[in-house]
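Heads up: the protein sequence lines correspond to chains A and B, in order.
Just so we're aligned, residue 1 is where the first sequence starts under this note's numbering, counting upward by one.
Just so we're aligned, residue 1 is where the second sequence starts under this note's numbering, counting upward by one.
None of these hints come from the bench; they were simulated from the model.
Source: prediction; values computed, not measured.
You may find that some hints are simply not true.
What the hints assert, rightly or not - With a Cα cut of at most 20 Å, we get these calculated EDC-like pairs of lysine to aspartate or glutamate:
no. : chain 1 : residue 1 : chain 2 : residue 2
1   : A       : Lys158    : A       : Asp170
2   : A       : Lys68     : B       : Asp36
3   : A       : Lys78     : A       : Asp155
4   : A       : Lys158    : B       : Glu23
5   : A       : Lys297    : A       : Glu102
6   : A       : Lys68     : B       : Asp12
Letter by letter, the chains look like this.
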Amino acid sequence: MELLGLSLAMVGLFVGFGLLIGVLFGFFGMGGSFLVTPALLVMGYPTRVAVGSGLAFVFGTSVIATLKHRDLGQVDYKLGLLMIVGTTAGIEVGKEIVVHLESLGLAGSIISVTYVFLLGGIGAFVTYEAVNGDGGEGIDHDAAEEPADADDIPDIAKTIQSYRVPPMIDLRGGVTVSLWMILGVAFATGLLSGFLGVGGGFIRMPALFYLIGVPVPIAVGTDLFEIVFSGGLGSFLYALDGGVDLSIVVPLLAGSAFGARIGSAATSIVDEGEIKVYFGLMLLGGALAVAIREIGKIYELPILNRVSLVLILGSALLVSGAVVYSSITALREENQTASPTVE
Amino acid sequence: MIEAGSLSASVDGAILIGAVLLEAIALYGVYGVVEDVFGQRVVNQLRTT
Numbered sequence: 001m002e003l004l005g006l007s008l009a010m011v012g013l014f015v016g017f018g019l020l021i022g023v024l025f026g027f028f029g030m031g032g033s034f035l036v037t038p039a040l041l042v043m044g045y046p047t048r049v050a051v052g053s054g055l056a057f058v059f060g061t062s063v064i065a066t067l068k069h070r071d072l073g074q075v076d077y078k079l080g081l082l083m084i085v086g087t088t089a090g091i092e093v094g095k096e097i098v099v100h101l102e103s104l105g106l107a108g109s110i111i112s113v114t115y116v117f118l119l120g121g122i123g124a125f126v127t128y129e130a131v132n133g134d135g136g137e138g139i140d141h142d143a144a145e146e147p148a149d150a151d152d153i154p155d156i157a158k159t160i161q162s163y164r165v166p167p168m169i170d171l172r173g174g175v176t177v178s179l180w181m182i183l184g185v186a187f188a189t190g191l192l193s194g195f196l197g198v199g200g201g202f203i204r205m206p207a208l209f210y211l212i213g214v215p216v217p218i219a220v221g222t223d224l225f226e227i228v229f230s231g232g233l234g235s236f237l238y239a240l241d242g243g244v245d246l247s248i249v250v251p252l253l254a255g256s257a258f259g260a261r262i263g264s265a266a267t268s269i270v271d272e273g274e275i276k277v278y279f280g281l282m283l284l285g286g287a288l289a290v291a292i293r294e295i296g297k298i299y300e301l302p303i304l305n306r307v308s309l310v311l312i313l314g315s316a317l318l319v320s321g322a323v324v325y326s327s328i329t330a331l332r333e334e335n336q337t338a339s340p341t342v343e
Numbered sequence: 001m002i003e004a005g006s007l008s009a010s011v012d013g014a015i016l017i018g019a020v021l022l023e024a025i026a027l028y029g030v031y032g033v034v035e036d037v038f039g040q041r042v043v044n045q046l047r048t049t
């Protein structure tokens with residue numbers, strides 16, 4: 001029996017994978033998309049379909065997440081629209097690079113190598129922070145929209161805000177920054193988005209906080225709002241060339257929308273710091289998986305392709321499982337504290 | 001001048017992305033209702049088991 005032109009087993013695999021990614025997206029407010037494109041590449045989909053379908057999935061997931069953040073008042077529309085301008089240009093350039101590399105037969109390899117360094121670098125940074133007990137500036141999901149405290153603004157952001165290149169733009173949270181800095185960050189992340197087929201959230205959200213100095217809750221909400229447009233435009237451009245496969249996107253989205261609700265609910269129960277080390281390890285696992293796949297291609301060892309896929313799915317399963325397990329444990333502890341046994 | 005082929009590809013692309021948008025909005029609504037109806041019940045069950 002087939003559904004959407006896929007076997008039921010494949011549909012189940014995509015829904016399950018989407019569920020895992022949704023839990024991560026709902027909990028961390030970012031991430032997930034960078035696992036989809038490598039997974040599709042590992043499964044043997046053409047590069048353009050893997051990137052295009054990954055972007056379409058990001059688009060759908062960000063629509064759902066933005067609707068939730070809009071209700072919480074965590075979206076800076078002015079900043080979002082400026083980001084869209086820079087990102088649009090970046091995506092178009094990124095997509096042209098992919099098309100050019102594809103014509104040279106190099107797209108798969110170069111995208112994979114870029115993934116390895118990007119995921120590996122961020123994964124190593126997050127894991128290092130977590131292991132060394134520095135919680136970093138994790139997402140405070142319950143934080144109110146108060147003006148940013150000077151002590152909470154990263155030093156790099158303070159330096160960037162000190163460059164008074166006109167026109168200066170006032171943002172929510174009492175932040176004032178040069179228009180050119182916003183456009184520069186947007187272009188760079190748009191370039192990665194179009195090139196790698198990711199929403200860019202795992203780079204842009206930290207960039208909004210660390211480089212521009214926007215409070216984290218607003219950075220998350222605005223980033224998601226912006227991803228709706230960048231993901232929509234990116235997937236539209238790929239759809240023009242037949243790069244979006246609905247039989248992939250539909251089941252992935254069905255799973256991720258449900259997982260996102262579980263992840264969002266878990267944020268009010270579990271301390272993100274507990275999970276951060278797993279998140280870093282998952283990124284490192286993703287980087288390792290892509291590296292193993294490339295080695296398998298070079299030495300013509302198909303078994304490494306399978307090892308790579310297992311590693312990607314295993315990494316996502318490990319972290320989303322840790323989120324769910326920690327939530328259930330916290331709920332039970334809370335229940336025992338609230339009603340101690342009478343002896 | 002817009003060629004018929006490129007217009008058709010644009011329309012097809014827009015329909016494809018529109019379908020993803022509609023699915024996302026529908027899932028947001030449907031899962032929201034499911035969460036409202038069963039969410040608290042599931043949490044209570046997890047607390048006590």
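Against the structure, the hints come out as follows:
1. A:Lys158 <-> A:Asp170: 15 Å, holds
2. A:Lys68 <-> B:Asp36: 14 Å, holds
3. A:Lys78 <-> A:Asp155: 24 Å, violated
4. A:Lys158 <-> B:Glu23: 41 Å, violated
5. A:Lys297 <-> A:Glu102: 17 Å, holds
6. A:Lys68 <-> B:Asp12: Judged against 20 Å, a Cα distance of about 29 Å means the pair is violated.
Hints 3, 4, 6 from the earlier list are contradicted by this structure; the remaining hints agree with it.
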